[in-house]
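Participant: In order, the protein sequence lines correspond to chains R and A. Take any residue in the first sequence, note its place counting from 1, add 8, and you have its number in the numbering used here. Take any residue in the second sequence, note its place counting from 1, add 65, and you have its number in the numbering used here.
Just so you know, the hints here were simulated from the structure itself, not pulled from any lab data. This structure is a prediction, so every number in the text was calculated from the model and none was measured. Each hint should be verified, as a subset may be incorrect.
Restraint-style ranges between C-beta atoms, simulated for each label pair [as the list claims (entries may be wrong)]: (1) R:Asp129 x A:Thr192: 11 to 21 Å; (2) R:Pro298 x A:Asp220: 48 to 58 Å; (3) R:Gly282 x A:Arg246: 42 to 52 Å; (4) R:Gly282 x A:Thr96: 20 to 30 Å; (5) R:Pro76 x A:His197: 53 to 63 Å; (6) R:Arg184 x A:Gly210: 50 to 60 Å; (7) A:Gly210 x R:Ala66: 30 to 40 Å; (8) R:Glu210 x A:Cys87: 18 to 28 Å; (9) A:Arg102 x R:Gly282: 29 to 39 Å; (10) A:Cys87 x R:Gly181: 26 to 36 Å; (11) A:Thr96 x R:Pro298: 23 to 33 Å; (12) R:Pro218 x A:Asp155: 31 to 41 Å; (13) A:Thr192 x R:Val100: 22 to 32 Å; (14) R:Asn126 x A:Val215: 47 to 57 Å.
Chain R regions said to be covered by chain A (calculated; three or more residues, Cβ under 8 Å) [said to hold, decoys possible]: (15) 13-21; (16) 29-37; (17) 106-116; (18) 128-139; (19) 261-272.
Ideal Cβ positions, reconstructed from N, Cα and C, are used throughout, including at glycine.
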Amino acid sequence: MSNSQTSKSTPLVKRGLAEMMKGGVIMDVVTPEQAKIAEDAGAVAVMALERVPADIRAQGGVSRMSDPDMIDGIIKAVSIPVMAKARIGHFVEAQILQALKVDYIDESEVLSPADYVNHIDKWKFDVPFVCGATNLGEALRRITEGAAMIRSKGEAGTGDVSEAMKHIRTISGEIRALAAKSEDELYVAAKELQAPYELVREVASTGKLPVVMFVAGGVATPADAALMMQMGADGVFVGSGIFKSGNPAERAKAIVKATTFYNDPDVLAQVSRGLGEAMVGINVTDIPAPHRLAERGW
Amino acid sequence: MPVGVLALQGDFREHIIALESCGADAIEVKTLAELNRCHGLIIPGGESTVIQKLATNYDLFEPIKNKIKSGLPTFGTCAGLIMLAEKIVDGIEGQIGFGGLDVSVRRNAFGNQLDSFETDLSFKGITGEPVHAAFIRAPIVEEVGPGVEVLSSLDDGRVVAVRAQNVMGIAFHPEVTGELRVHQLFLKMVDSR
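Sequences and hints are given; from them, build the entire structure.
Facilitator: Spelled out as structure tokens, the structure:
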């Protein structure tokens, strides 16, 4: 298609798209109309799914990949990248999403897992993957399987940011601890993290993950988004927080601004005004452990 | 005086690192005061629709446009190229850029992410090894106005890098491949002003 030595779907190209999304907000949408609202509000990408996590939580049942017609409709509606979710371990859903030409696949704990042992072998795909993680070992295992982007999991569909906070603190803290270790301690560190030694050594020497890390799961307000950015996130996913709120378009715009100007309390005060009702929310501590989505994935 | 990188969204940190690796003094630009300190400006990769909105919301859009018009050396990569084009094809409704390059640029010209690629390019003004380039949901330059110099094209002739007076725009990302020579070329434009 272009030059003689052209190569597609390389790790650089896969990770590169996530680099371009940094400092941005990725929004969950369930219809082309919502996708358009998200794009107009300044979303850097949209996540196409059948039901937002708050509804998945409320309605229960098995949650699966979205209808291809819906995904097609969303791809047609917007010019920004479109992501879509496949169940953990469901490599055929991923094959279908790749055939639909989505820009990124989220192998997501928000859907019902299809395999309680293995995740998808993401190296086999041309399309890049983002995966959730609650700690450094989990993030590195996903990267080993081929993930080109990580999002800390938080607890989706709650509007409670405390789990997102816990996960980004855990991952950042473990990276700092690794960076402080001497070289001969890294072998045991790799064993403890249950991650490959080479990757552990890379993180220890660079002091960061080799891929972009966004935060997800419970971000509902501009202040939540700015909190995650101040904690060192590269960007934020907002799921139910926007379209389960009183004024989605305004809230979406406000969260985009807060993500850029996360360090400026005057801007944050201004964009936090007059947004109407936030999503109702559930305290994570009120959710019995078996119903916590973040515990899916291993 | 430092070179600024518009730091509203996208891979601005990689540009800061690239500039610093070239020995330049680099700062993030999010405010008018920061813009006014700069004697060169980079518009990074990212989402052009988002960069436009944030620049407009924070009263940077007109000042940047005017600075470019009055000769501020400016360099855009990917979304940055789109932001510097006088004409944007396949933009969203109401999408406009800062302008500065009399070219027509098509967004997502290669298709979706599956069509993103790496390749080697020859680039006017850069000798030795070819420039290794990553095209990520990249735009291309479809029409080139008078006075605009083509710096690089793909083998099939599609234009991917251009310059006119104080403004340079390229469709790929030297900031993510560790290629410093395009930034060095830009710094020469900054110094010669």
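Participant: List, from low to high, the hint numbers that the structure doesn't satisfy.
Facilitator: Per hint list: 1, 5, 7, 11 and 13 violated.
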